[in-house]
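Using the sequences plus the hints, can you model the full thing?
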Amino acid sequence: MIEVDGLTKYYGSHAAVRDLKFRIDRGEVIGFLGLNGAGKSTTLRILGCVLLPTAGRVTIDGFDVVRDPHEIRKRIGFLPDRPPLYDEMTVEAYLSFVAELRGVDRSQVKKRVADAAEKTGCTEVLRDVISSLSHGYRQRVGLAQSIVHNPALLILDEPTSGLDPVQIVEMRELIRNLRGDHTILLSSHNLPEISQTCDRLLVINKGEITGQGTEAELADKFGGSAPTIEIEIIGASRPNTDAALAALRGVSGVKSATVARESGGQALLAVSAPLELRPALVRALVAANVDVLRLDRSEARLETTFLKLTQGKESN
Amino acid sequence: MRPTLLIARRELSAYLRSWTGYIVIALAWFADGLFFNAFVLGGAEKRSAEVLSNFFYLSFGMTVIASIFISMRLLAEERQQGTINLLFSSPVRDTDIVLGKFLAALAFLGIMVVGTLYMPLMIFVHGKVSWGHIAGGYFGLMLVGAATLAIGTLGSALARNQVLAVILTAAMVLSMLVAWMLGRVTDRPLSEIFMALALFNQHFIPFQSGLVHLRDVVYYLAVTYVFLFLATRVVEARRWR
Numbered sequence: 001m002i003e004v005d006g007l008t009k010y011y012g013s014h015a016a017v018r019d020l021k022f023r024i025d026r027g028e029v030i031g032f033l034g035l036n037g038a039g040k041s042t043t044l045r046i047l048g049c050v051l052l053p054t055a056g057r058v059t060i061d062g063f064d065v066v067r068d069p070h071e072i073r074k075r076i077g078f079l080p081d082r083p084p085l086y087d088e089m090t091v092e093a094y095l096s097f098v099a100e101l102r103g104v105d106r107s108q109v110k111k112r113v114a115d116a117a118e119k120t121g122c123t124e125v126l127r128d129v130i131s132s133l134s135h136g137y138r139q140r141v142g143l144a145q146s147i148v149h150n151p152a153l154l155i156l157d158e159p160t161s162g163l164d165p166v167q168i169v170e171m172r173e174l175i176r177n178l179r180g181d182h183t184i185l186l187s188s189h190n191l192p193e194i195s196q197t198c199d200r201l202l203v204i205n206k207g208e209i210t211g212q213g214t215e216a217e218l219a220d221k222f223g224g225s226a227p228t229i230e231i232e233i234i235g236a237s238r239p240n241t242d243a244a245l246a247a248l249r250g251v252s253g254v255k256s257a258t259v260a261r262e263s264g265g266q267a268l269l270a271v272s273a274p275l276e277l278r279p280a281l282v283r284a285l286v287a288a289n290v291d292v293l294r295l296d297r298s299e300a301r302l303e304t305t306f307l308k309l310t311q312g313k314e315s316n
Numbered sequence: 317m318r319p320t321l322l323i324a325r326r327e328l329s330a331y332l333r334s335w336t337g338y339i340v341i342a343l344a345w346f347a348d349g350l351f352f353n354a355f356v357l358g359g360a361e362k363r364s365a366e367v368l369s370n371f372f373y374l375s376f377g378m379t380v381i382a383s384i385f386i387s388m389r390l391l392a393e394e395r396q397q398g399t400i401n402l403l404f405s406s407p408v409r410d411t412d413i414v415l416g417k418f419l420a421a422l423a424f425l426g427i428m429v430v431g432t433l434y435m436p437l438m439i440f441v442h443g444k445v446s447w448g449h450i451a452g453g454y455f456g457l458m459l460v461g462a463a464t465l466a467i468g469t470l471g472s473a474l475a476r477n478q479v480l481a482v483i484l485t486a487a488m489v490l491s492m493l494v495a496w497m498l499g500r501v502t503d504r505p506l507s508e509i510f511m512a513l514a515l516f517n518q519h520f521i522p523f524q525s526g527l528v529h530l531r532d533v534v535y536y537l538a539v540t541y542v543f544l545f546l547a548t549r550v551v552e553a554r555r556w557r
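Here the protein sequences come in this chain order: U and H. Using our numbering, the first residue of the first sequence is number 1, and each one after it goes up by one. Using our numbering, the first residue of the second sequence is number 317, and each one after it goes up by one.
Hints in this document: simulated from the structure, not taken from any laboratory. Take these hints with a grain of salt, some might be off.
25 Å max Cα-Cα, derived SDA-like pairs, lysine to any residue [unchecked claim]:
(1) U:110 with H:324
(2) U:111 with H:556
(3) U:74 with H:550
(4) U:74 with H:555
(5) U:110 with H:321
(6) U:74 with H:501
(7) U:74 with H:411
(8) U:206 with H:555
(9) U:74 with H:400
(10) U:206 with H:556
Partial list, computed: chain U residues near chain H (C-beta under 10 Å) [what the hints assert, rightly or not]:
(11) 11
(12) 49
(13) 80
(14) 83
(15) 85
(16) 86
(17) 88
(18) 93
(19) 234
(20) 238
(21) 242
(22) 245
(23) 286
(24) 288
Predicted model, so just to flag it, every value in this text is computed and none were measured. Positions of the beta carbon are idealized from the N, C-alpha and C atoms, including for glycine.
Structure, rendered in structure tokens:
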């Protein structure tokens, strides 16, 4: 669906992105990950036909962003980092305007607006003036405008930025629910958050792609020796860490298992093992009579992976 | 044409919902009314046609000043609010964006200009003027307004914010207003060029008397076209930055 080859964009003498190359297939949900200023927004703005590239070739559905931007714009929905909202309009009037602007037939506008509002949870504020909306609702209306014409490709630039934790979870759910209807490309500087929504990640650093793949693939490649899994266990007086470590080390595929922290009746174990082994680890602990409170992917490993990806280039 | 009208419709409704629009209209009507009362109706006895001519002279200034303020938000506000990204990522041409914005501003100016109609009508109480004189004068005002709005559209496309847009537009309009002064201190053919370029002077004075010359109509339409064309080019160039 999207093919990018040698994409370069200069602002004066500063290269915002340099020689980017990647491909996105139809139906994929792709996370574009990088620190602030890494070149994410510039790339997304070029894909959204807002900005023209300095060099390179970008095609969407076979159409070139420089030669046929009009055709591409009919096929995309774009939510910039700041939702493009007209404060004085009501949500309904705004969405109707966007639908007509994006070529939706007049007889279909009402239905499309209702659909987009329902999918993004904006139905109850349709009659409200946009200036009176909370930040969370503004972001939702921004998402609604990007899907109101039912585009094949959705480009969302930091859709969760500025939202509180509850709103982030809601926005993540909304985006997940759009999966299947659209190819989605979304950007973020938060690895754990983006990895929960996307099939595959593209990591960008200083205008260059430094890694791509699933979260597990990236973690295997860049996570180094950091533990992959955290397990919290509990005991009557003190947790039976010796039995737990022995049980974990007995599972084939486990590279290491150590006690990261122990206090009171609880202990946190750090395990280096493929993520697919998680069910086997739980079974081994239960068989060894160890009470498990929680098992999760290791935050430390995600952090290590992210830091390596955003501070250095892919080594091979 | 549909995207142009869509953008124009939205823009016009934004004018009608914003305080700025009403403040500009109210101030223009207030000043126009005040000056009409003080300078046009007052003083020595005048013929009706002279009164009407003076009214159009005053209204020229009001129309130009109001147009500068009406046009300041057109594109600068879209950039300030980030809504330009919506227009840029939609299947509309840059010409649609510029033309839609300009037409909305022109319609708004039309409302303002038509609102002053009661003043020339008052002349009928004690005097008599021809409807052709009134129509010719108003046609001239709209042409001047269109030209100034087009200059303002360019100013608004160039500026980062609305304050800068006003300053830039005012500077451009002022340069075109005083071009005749340069015409007086230069030799031919420069003097003729400056005279022909001046926004007021030789092009508006005939409209004051209700005279519509094709030469003047073409001049104002050409100014409008050139500045809208430049504004479109500036908007296109924004896609590179």
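The hints, checked one at a time:
Distance check on the hinted pair: residue 110 of chain U and residue 324 of chain H sit about 21 Å apart at the alpha-carbon level, within 25 Å; holds. A distance of roughly 36 Å separates the Cα atoms of residue 111 of chain U and residue 556 of chain H; the hinted pair therefore is violated under the 25 Å criterion. This hinted pair checks out: residue 74 of chain U and residue 550 of chain H have alpha carbons roughly 24 Å apart, not beyond 25 Å. Taken as a hint, the residue 74 of chain U and residue 555 of chain H pair is honoured in the structure, with Cα atoms around 18 Å apart against an allowance of 25 Å.
A threshold of 25 Å between alpha carbons decides the hint, and for residue 110 of chain U with residue 321 of chain H the separation of about 19 Å falls inside it, so the pair holds. Only pairs whose Cα atoms come within 25 Å are accepted, and residue 74 of chain U paired with residue 501 of chain H is rejected, the gap being roughly 56 Å. Annotation: proposed proximity of residue 74 of chain U to residue 411 of chain H holds, straight-line Cα distance about 17 Å (limit 25 Å). Only pairs whose Cα atoms come within 25 Å are accepted, and residue 206 of chain U paired with residue 555 of chain H is accepted, the gap being roughly 22 Å.
Taking the CA atoms of residue 74 of chain U and residue 400 of chain H, the gap is about 17 Å. The hint holds against a cut of 25 Å. A threshold of 25 Å between alpha carbons decides the hint, and for residue 206 of chain U with residue 556 of chain H the separation of about 20 Å falls inside it, so the pair holds. Taking 10 Å as the C-beta contact cut-off toward chain H, the hint placing residue 11 of chain U at the interface holds, the least distance being around 7 Å. Checking residue 49 of chain U against chain H by beta carbon gives a least distance of about 6 Å; that is within 10 Å, so the hint holds.
Because the beta carbon of residue 80 of chain U sits about 4 Å from the nearest beta carbon in chain H, less than 10 Å, this interface hint is met. Using the Cβ-Cβ criterion of 10 Å, the hint placing residue 83 of chain U at the interface with chain H is satisfied: the shortest such distance is roughly 8 Å. Of the supplied interface hints, the one on residue 85 of chain U holds, with its beta-carbon coming within about 7 Å of a beta-carbon of chain H, less than 10 Å. Given the 10 Å rule on beta carbons, the hint for residue 86 of chain U holds: about 6 Å separates it from the nearest Cβ of chain H.
Nearest Cβ of chain H to the Cβ of residue 88 of chain U: about 4 Å, under the 10 Å cut. The hint holds. Restraint check, residue 93 of chain U versus chain H: the minimum CB separation of about 8 Å is within 10 Å; hint holds. Because the smallest distance between the Cβ of residue 234 of chain U and any Cβ of chain H comes to about 50 Å, over 10 Å, the interface hint for this residue is violated. Using the Cβ-Cβ criterion of 10 Å, the hint placing residue 238 of chain U at the interface with chain H is not satisfied: the shortest such distance is roughly 57 Å.
Below 10 Å, beta-carbon pairs count as interface contacts, and residue 242 of chain U has none with chain H, the closest being about 59 Å; its hint is therefore violated. Checking residue 245 of chain U against chain H: minimum C-beta separation of about 54 Å lies over 10 Å; hint violated. Because the closest C-beta pair between residue 286 of chain U and chain H is about 53 Å apart, greater than 10 Å, the hint is violated. Look at residue 288 of chain U: its Cβ only gets to about 57 Å from chain H, farther than 10 Å, so that hint breaks.
Checked against the numbered hints listed earlier, the structure breaks hints 2, 6, 19, 20, 21, 22, 23, 24; every other hint is satisfied.
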